[in-house]
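Let's have the full structure, built from the sequences with the hints guiding it.
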Amino acid sequence: MAARSKMILGRVAQAIPVVMGVVVISFLLTRALPGDPAAYFAGPAADEASIAEIRETLGLDKPLVQQFFYYVGDLIRGDLGTSLTTGQTVLTDLGARLPASLELTLAALLLSCAIAIPLGVLAATRPGTWVDHLCRVLVTAGVSMPTFFTGILLIYIFYYLAGLAPSPLGRLDFIYLSPPHVTGFYLIDAALAGDWETWLGALKQLVLPATTLALFTLAPIARMTRAAMLSALSSDFIRTARAAGLSDGKVLFGYAFRNALLPVVTTLGMVFSFTLGANVLVEKVFAWPGIGSYAVEALVVSDYAAVQGFVLAMALLFVALNLVIDIAYALIDPRIGLN
Amino acid sequence: MLSIKDLSVAFKTRKGEVNAVRGISLDVAKGKTLGIVGESGSGKSVTSYALMRILDAGGEIRTGEVVYGGIDLRAASERDMRDIRGREISMIFQNPRAALNPIRRVGHQVEDVLIRHAQATRQDAKAKAIAALEAVKINDAVARYDAYPFELSGGMCQRIVIAIALACKPQLLIADEPTTGLDITTQKAVMDLVGELARERGMGMILITHDLGLASQYCDRIVVMKDGLIVEEGDPQKLFTDPQHAYTRKLVDATPRVGASIRNLLPPETRTAEPAHKVHDRPLLEVRDLVKTYPGKSGPVQAVKSISFQIKSGQSLGLVGESGSGKSTTSEMVVRLQDPTSGNILFDGQDIAATPSARFMRHPMRGEIQMVFQDATDSLNPRGTAASAIAEPLARIARMRGSKLNARVAELAELVGLPQPLLSRFPHQLSGGQKARVGIARAIALEPKLLILDEPTAALDVSIQAIVLNLLVDLRAQMGMSYLFVSHDLNVVRLLCDEVLVMKHGEIVDRGPTAAVMNNPSHEYTRSLIEAAPQPPNPVAA
Chain S
70 MAARSKMILG RVAQAIPVVM GVVVISFLLT RALPGDPAAY FAGPAADEAS IAEIRETLGL
130 DKPLVQQFFY YVGDLIRGDL GTSLTTGQTV LTDLGARLPA SLELTLAALL LSCAIAIPLG
190 VLAATRPGTW VDHLCRVLVT AGVSMPTFFT GILLIYIFYY LAGLAPSPLG RLDFIYLSPP
250 HVTGFYLIDA ALAGDWETWL GALKQLVLPA TTLALFTLAP IARMTRAAML SALSSDFIRT
310 ARAAGLSDGK VLFGYAFRNA LLPVVTTLGM VFSFTLGANV LVEKVFAWPG IGSYAVEALV
370 VSDYAAVQGF VLAMALLFVA LNLVIDIAYA LIDPRIGLN
Chain D
120 MLSIKDLSVA FKTRKGEVNA VRGISLDVAK GKTLGIVGES GSGKSVTSYA LMRILDAGGE
180 IRTGEVVYGG IDLRAASERD MRDIRGREIS MIFQNPRAAL NPIRRVGHQV EDVLIRHAQA
240 TRQDAKAKAI AALEAVKIND AVARYDAYPF ELSGGMCQRI VIAIALACKP QLLIADEPTT
300 GLDITTQKAV MDLVGELARE RGMGMILITH DLGLASQYCD RIVVMKDGLI VEEGDPQKLF
360 TDPQHAYTRK LVDATPRVGA SIRNLLPPET RTAEPAHKVH DRPLLEVRDL VKTYPGKSGP
420 VQAVKSISFQ IKSGQSLGLV GESGSGKSTT SEMVVRLQDP TSGNILFDGQ DIAATPSARF
480 MRHPMRGEIQ MVFQDATDSL NPRGTAASAI AEPLARIARM RGSKLNARVA ELAELVGLPQ
540 PLLSRFPHQL SGGQKARVGI ARAIALEPKL LILDEPTAAL DVSIQAIVLN LLVDLRAQMG
600 MSYLFVSHDL NVVRLLCDEV LVMKHGEIVD RGPTAAVMNN PSHEYTRSLI EAAPQPPNPV
660 AA
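So the protein sequences, as listed, match chains S and D.
Per my numbering, the first sequence starts with residue 70, numbered consecutively.
Per my numbering, the second sequence starts with residue 120, numbered consecutively.
The hints are simulated quantities; they were obtained by calculation from the structure and are not laboratory data.
Where is the CB? At the ideal position from N, CA and C, for every residue including glycine.
Incorrect hints may have been included.
Unchecked claim - Facing chain D, according to a computed beta carbon distance under 7 Å, are these residues of chain S, among others: (1) P103; (2) D105; (3) D148; (4) F306; (5) T309; (6) R311; (7) A313; (8) G314; (9) F387; (10) P403; (11) R404; (12) I405.
This is how it looks when you write it as structure tokens:
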């Protein structure tokens with residue numbers, strides 16, 4: 070156990086230079102963007118003097134190095150600056166929007182895993198049969214359609230035609246009040262508050278966008294599960310287990326599946342990162358107040374503080390995610406973490 | 120106890136049906152050991168999988184019956200078969216480390232079987248699993264219970280596999296090449312253990328092996344299989360001293376043994392006179408105080424501890440030792456794939472250890488020292504043809520191009536006896552023996568003075584091994600090469616080498632002319648190695 074906690078500490082330490090690099094790069098990249106935020110915020114009627122004035126209040130007239138040190142100094146104090154578009158601190162914005170994106174992504178991944186993993190296992194145990202082919206067709210279809218198209222299709226069918234889904238406008242219908250902020254995840258917050266009506270309302274809003282994302286992420290997870298299971302099932306130790314008379318369930322789940330988990334967890338981590346970054350289209354279609362749409366809006370208007378805050382938040386999230394995956398590895402496979 | 124009648128097994132493959140077993144009949148009596156001997160593809164393993172009904176997908180029993188203790192195993196339901204497997208009939212496999220679940224504690228793997236067959240409850244499973252581990256003579260079984268396979272040696276893993284197989288006290292044990300990949304002393308320990316347990320429990324056993332020596336030592340009766348058929352059956356002594364079938368005769372001949380010369384391994388009609396090789400007095404290779412230290416988890420590990428030896432021009436030196444003895448590290452340092460921690464490697468008087476291995480590729484001596492690798496399959500690029508493998512050193516080191524290159528490749532193929540049409544084939548289209556020839560042709564392409572052979576025949580069937588060893592003897596005489604022959608098989612070293620070094624724990628414990636070391640070993644370790652090696656009986660002259 071001591072070896073394991075040491076390994077975890079080591080991994081955290083490895084993350085520090087990564088975060089520092091991200092701070093520098095996000096700063097430089099936002100400065101490299103075309104467009105002058107001072108001119109943008111001064112408005113179309115502004116003259117040279119008022120633009121210069123705004124530039125001065127924003128600190129954009131200072132040399133780049135000095136700006137960077139101001140930025141780092143603010144970061145250390147926990148100040149990510151103020152968004153020029155929303156007028157709120159970036160920290161507040163991220164605090165409101167990051168949970169929205171995370172809730173959507175996690176729900177989508179849970180749904181995706183719940184379908185893809187059993188499907189992959191089933192396909193691996195019966196390669197070449199109709200289950201296998203069905204799995205292939207399903208995941209290919211899911212990944213072939215762009216998310217905005219799937220989203221619109223689902224809205225058309227379930228909201229417009231069938232009327233089963235609520236209007237695709239954000240996280241909660243206007244008839245509900247948002248639950249008291251604890252985690253920022255509406256489902257969790259509503260459950261904590263015991264407000265099951267709001268909980269159900271939030272769930273209904275979540276179903277369609279989560280399904281859209283889930284369909285898109287089915288393919289990598291199902292394919293990887295199938296491949297990993299196939300290779301695990303053809304291992305020598307499976308033959309030993311079968312020759313010892315172990316039951317099919319034990320062989321399949323106790324022996325093969327645990328060995329197949331490693332590549333599946335790797336894939337999950339990758340899918341999680343790209344979904345979190347790429348779900349901006351889904352957020353747009355469902356008017357989901359997530360971090361992706363926030364970042365795109367900020368980028369368009371060269372809202373430095375917001376873009377930097379977003380990049381930094383994502384970087385920290387990925388560092389944390391990789392850490393979680395590494396720990397998951399160590400828990401699954403005793404061979405990892407000792408050498 | 121077990122009776123197989125007219126069993127045939129077929130596999131459906133993309134190229135159509137393959138009949139792996141074609142109507143064989145055999146019986147195993149209670150408390151007796153039956154050996155099934157044959158080379159790869161003979162159907163010996165498939166027979167055992169068929170009777171356990173654990174054939175791979177696509178495999179199917181076509182005809183015949185398998186009766187165990189009155190039960191028709193072919194007709195039994197899958198549910199009944201699961202009860203029989205592990206409790207009535209158990210199996211142990213080759214490559215024990217892969218045969219264990221890598222991420223489950225070995226104690227739990229033993230428990231799984233005990234609980235499955237209702238030999239233990241959750242409460243007493245641990246105690247019973249530890250008892251099962253103790254039964255296979257695992258020291259400190261309580262601590263080993265919590266170990267993972269990767270923390271144990273190969274021999275220890277095989278004991279665990281045996282513990283799993285025997286935990287529920289089965290009546291019949293099928294051992295499928297149980298000692299392949301294990302060291303010779305470990306092999307003896309494992310086989311003695313299995314033999315002893317079988318005797319104690321009155322257990323019947325089927326020993327599947329390619330090793331005639333092993334089979335003759337541990338079996339009461341032997342069947343010889345070839346291409347899915349039994350070609351001969353009988354008492355081991357009689358079968359091997361006076362084989363009736365031509366194939367058995369060929370196998371017996373090809374098995375390296377005391378008293379046989381290298382030409383004796385070949386079928387009588389293809390034997391020619393053994394060419395003499397000349398050993399000069401001039402040392403070709405001189406290794407002085409060679410040390411290799413690896414940084415280890417708990418302090419540095421000394422893989423090679425200051426060894427010195429020399430190879431005279433034209434001489435063949437055998438390097439013998441078990442895994443972990445440092446023999447592979449030594450050979451890799453000599454062939455300049457690894458850098459020594461300290462010491463000199465003088466080749467033709469020049470210290471080649473002074474050039475780091477990473478830059479040795481461009482050293483003028485690179486072509487003088489070449490290597491034949493252990494696994495002929497893994498050491499060939501799967502996407503390159505045989506010709507491209509042989510051409511590689513010629514193009515890279517000798518800068519040969521065009522028609523000159525093609526002519527040389529053809530010449531080399533001729534030299535190693537590889538038919539020209541095979542040159543355009545890919546490794547997966549070649550047999551094991553053909554791949555070995557490609558590996559040898561590649562190594563001798565630059566006419567090296569020193570050839571390092573790292574267990575070049577370990578993965579080959581005995582009849583192919585016989586041919587490859589003879590090829591090496593011919594090439595040595597023809598080209599005047601010196602060999603450093605790394606092997607764990609003393610019988611092979613005896614056939615090929617002038618002198619021998621015995622390594623243990625990174626040190627040379629015994630050395631001298633091969634005959635002297637083999638016949639009068641001065642060191643206790645050499646003696647234990649020689650005693651552990653199974654000695655096949657010598658056939659009477661045909």
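Going through the hints against the structure:
1. P103: violated (47 Å)
2. D105: violated (53 Å)
3. D148: violated (45 Å)
4. F306: holds (5 Å)
5. T309: holds (5 Å)
6. R311: With Cβ-Cβ at 5 Å, under 7 Å, it holds.
7. A313: holds (4 Å)
8. G314: Check passed: Cβ of S/G314 comes within 3 Å of chain D, closer than 7 Å.
9. F387: This interface hint is violated because 27 Å lies over the 7 Å limit.
10. P403: Hint on S/P403: holds, closest Cβ of chain D at ~5 Å, below 7 Å.
11. R404: holds (5 Å)
12. I405: Violated. Min distance 10 Å.
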